[in-house]
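S.K.: Fit chain B to the known structure of chain A by using the hints.
Sequence lines, in order, name chains A and B. Numbering of the first sequence is given in the working numbering, commencing with residue 87 and proceeding in unit increments. Numbering of the second sequence is given in the working numbering, commencing with residue 4 and proceeding in unit increments.
Hints are supplied without guarantee of correctness; some may be wrong.
What the hints assert, rightly or not - Below are the DSS-like pairs computed for lysine-lysine, each with C-alpha atoms no more than 25 Å apart in a straight line:
no., chain 1, residue 1, chain 2, residue 2
1, B, 31, A, 383
2, A, 328, B, 31
3, B, 52, A, 381
4, A, 328, B, 100
5, A, 381, B, 31
6, B, 31, B, 100
7, A, 383, B, 33
8, A, 383, B, 100
9, A, 383, B, 73
10, A, 381, B, 73
Claimed, not checked - Pulled from the structure, derived: some chain A residues nowhere near chain B, Cβ distances all over 10 Å:
no., residue
11, 115
12, 150
13, 200
14, 259
15, 270
16, 273
17, 325
Claimed, not checked - Derived Cβ-Cβ restraints for the label pairs, each shown as a range:
no., chain 1, residue 1, chain 2, residue 2, range
18, B, 31, A, 319, 23 to 31 Å
19, B, 31, A, 361, 54 to 62 Å
20, A, 371, B, 22, 49 to 57 Å
21, A, 318, B, 53, 26 to 34 Å
22, A, 336, B, 141, 30 to 38 Å
23, B, 143, A, 400, 48 to 56 Å
24, B, 135, A, 272, 53 to 61 Å
By construction, these hints were calculated from the structure, which means they are not laboratory data. Owing to the predicted nature of the structure, the values given are computational and were not obtained by experimental measurement. We treat Cβ as the ideally placed atom computed from N, Cα and C, and that holds for glycine.
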Amino acid sequence: MNLDQFIPIYPDVTQIAIPFFVIAIVVEIFLLRRLRHEKLAGFETRDTLTSLMMGVGNVVAGLLFGFVAFGVLMLAWQFRVYEFGFSVWAIMLCFIIDDLRYYWYHRIAHRSRWVWAEHINHHSSQHYNLSTALRQSWTGTFTGMFILRIPLVLIGFHPVLIAFVGGLNLVYQFWIHTEAIGKMWRPVELIFNTPSHHRVHHATNARYLDANYAGTLIVWDRMFGSFVEERDEDMPRYGLVKNIGTFNPVRVAFHEWWAMFADASRPGLTIRQRLGYLFMPPGWSHDGSREDTAKIKADYVRRHPDQAGQPGLPDLKS
Amino acid sequence: MELVILAIGVVVGVVLVVGLVHMTGGSKSKRFASTDQALAVFQNRFPDKIVETVHVAIGGRDALVLIANKDAIAHLHMMGANPVVRLLTDAEIARTKTMINEGAVVLPGDGLAVSATVLQFEDRTILSDVNRRMMRKTMAEPQ
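Just chain A, same shape as in the assembly (with noise of 0.2 Å):
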């Protein structure tokens, strides 16, 4: 059987969700002001403004520069060794497998440099509300990590219901960016990736630093060791480490490339220091001058020895 006779025509679910986006968005704005607590992050107009800037330059760059992921899967697609076609089943088992891609595909995103420059903006908001769901990179495909989907095309799924899949996870992903949502019902906490969950993936705070990397299913995080519960007493913070100083979203979007090639190219460094300041964990530095997530979390744990060993932190030892 040739399947390219019989490849459905899926709509691109990101662009149809757009008015449900935004009618999301107004919901929000209102429900936060009706809860008035002074300790939630909330909206501001130009972090919104910025966030929405990112979405729009997202989709430009998705238009212009998509066709590159998906011709090296298409090519990728000639040596197949199987064919799940497009039923209901296959379209669930891909979305399956896709969401496991995408949980490693965002573990390496924060422990990489090289992904890391164009993974932060989507980080780079102190706010935590709908519109930061929509703060999405500019620069992905010139980190060349979609041949994490590759093994998908060669074990039978067709590219064209990857992307269908891969769209429908970024549209899942939107509404647990929110703090109008607590915790919800303990069986959907255990499976799905919920506002709690996402919300200690998107803080600052020691504790939560480079956990819950989940797309849909937060089993991911579960068995691979990096699931940490959010906890009353340590409300998240937003933002980063080390925050930007701006709202426009071009430096937004191409700070952390500047930085990263400037570190790189400093004088005096050795090609393994250079290769370091590309590819290693962010805070990463040759003469260990800075802050990367094991220091911080092992300078927390000194001083607040009673929390050593909780998840998310290091033992007393180190």
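M.R.: Frame of chain A; chain B shown alone:
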């Protein structure tokens, strides 16, 4: 979806959301009301650093924190409703300038992440403190 419809939808959505945030008070920006407030913001981010003095700039949007050891300086900037706390590197301190007549300190930018900033102070004692640190860093910087 047709590109024109997509573009119109996006523009309408952005204007609606941003307009609503503005009308519901989202454009209010905060200021440092006192040195104590600025100190609290700094210590929340860097609890291990021992602070020598804190100076809030005219207008209250910025503050400089002089740290007791290693001649370090931190810049606090209120960006809308949230503070941005930046510990200046030795090289950045060496590139810091002071304008005595204006009572101003000129901080260098940090790549694309932070722009260069001019901070004006009523209390000009900070200028000599910053100058001293800047001189020591300049001498320590490799040529």
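S.K.: State for each hint whether it applies.
M.R.: Results for each hint:
1. Annotation: proposed proximity of residue 31/B to residue 383/A is violated, straight-line Cα distance about 34 Å (limit 25 Å).
2. Distance restraint check for residue 328/A and residue 31/B: the Cα-Cα separation of roughly 23 Å lies within the 25 Å cut-off, and the hinted pair is therefore satisfied.
3. Restraint check: the Cα-Cα separation between residue 52/B and residue 381/A comes to about 15 Å, which is no more than 25 Å; the hinted pair holds.
4. Our distance criterion of 25 Å between C-alpha atoms is met by residue 328/A and residue 100/B, whose separation comes to about 23 Å.
5. Between the alpha carbons of residue 381/A and residue 31/B the distance comes to roughly 36 Å, so the proposed pair goes past 25 Å and is violated.
6. Distance restraint check for residue 31/B and residue 100/B: the Cα-Cα separation of roughly 31 Å exceeds the 25 Å cut-off, and the hinted pair is therefore not satisfied.
7. For the given pair, residue 383/A sits about 30 Å from residue 33/B by alpha-carbon distance, which is inconsistent with the 25 Å threshold.
8. Simply put, residue 383/A and residue 100/B have alpha-carbon atoms about 35 Å apart, too far for the 25 Å limit, and the pair is violated.
9. This hinted pair checks out: residue 383/A and residue 73/B have alpha carbons roughly 23 Å apart, not beyond 25 Å.
10. For the given pair, residue 381/A sits about 20 Å from residue 73/B by alpha-carbon distance, which is consistent with the 25 Å threshold.
11. Its closest Cβ contact with chain B, about 6 Å, brings residue 115/A to no more than 10 Å, contrary to its assignment away from the interface.
12. In this structure residue 150/A is separated from chain B by more than 10 Å, as the shortest Cβ-Cβ distance comes to about 12 Å.
13. With a least CB separation of 17 Å from chain B, residue 200/A remains clear of the 10 Å interface cut-off, as annotated.
14. With a minimum CB-CB distance of about 18 Å to chain B, residue 259/A clears the 10 Å threshold, and the non-interface call stands.
15. With a least beta-carbon separation of about 25 Å from chain B, residue 270/A lies farther than 10 Å from that chain, consistent with its non-interface assignment.
16. Listed as outside the interface, residue 273/A is consistent with that label: its C-beta sits roughly 33 Å from the nearest C-beta of chain B, beyond the 10 Å cut-off.
17. Distance check for residue 325/A against chain B: the nearest CB is about 7 Å away, which does not clear 10 Å, and the non-interface claim fails.
18. About 29 Å separates the C-beta atoms of residue 31/B and residue 319/A, a value consistent with the hinted range of 23 to 31 Å.
19. Residue 31/B and residue 361/A have their C-beta atoms about 45 Å apart, which leaves the hinted 54 to 62 Å range violated.
20. At roughly 43 Å, the beta carbons of residue 371/A and residue 22/B sit outside the given window of 49 to 57 Å.
21. Taking 26 to 34 Å as the suggested C-beta distance range, the pair residue 318/A and residue 53/B conforms, at roughly 31 Å.
22. Hint check: residue 336/A to residue 141/B, Cβ distance near 32 Å, so the stated range 30 to 38 Å holds.
23. Checked against the given bound of 48 to 56 Å, the beta carbons of residue 143/B and residue 400/A, roughly 34 Å apart, lie outside it.
24. Roughly 59 Å separates the CB atoms of residue 135/B and residue 272/A, a value that falls within the hinted 53 to 61 Å.
When held up to the earlier numbered hints, the structure conflicts with 1, 5, 6, 7, 8, 11, 17, 19, 20 and 23 and fits the remainder.
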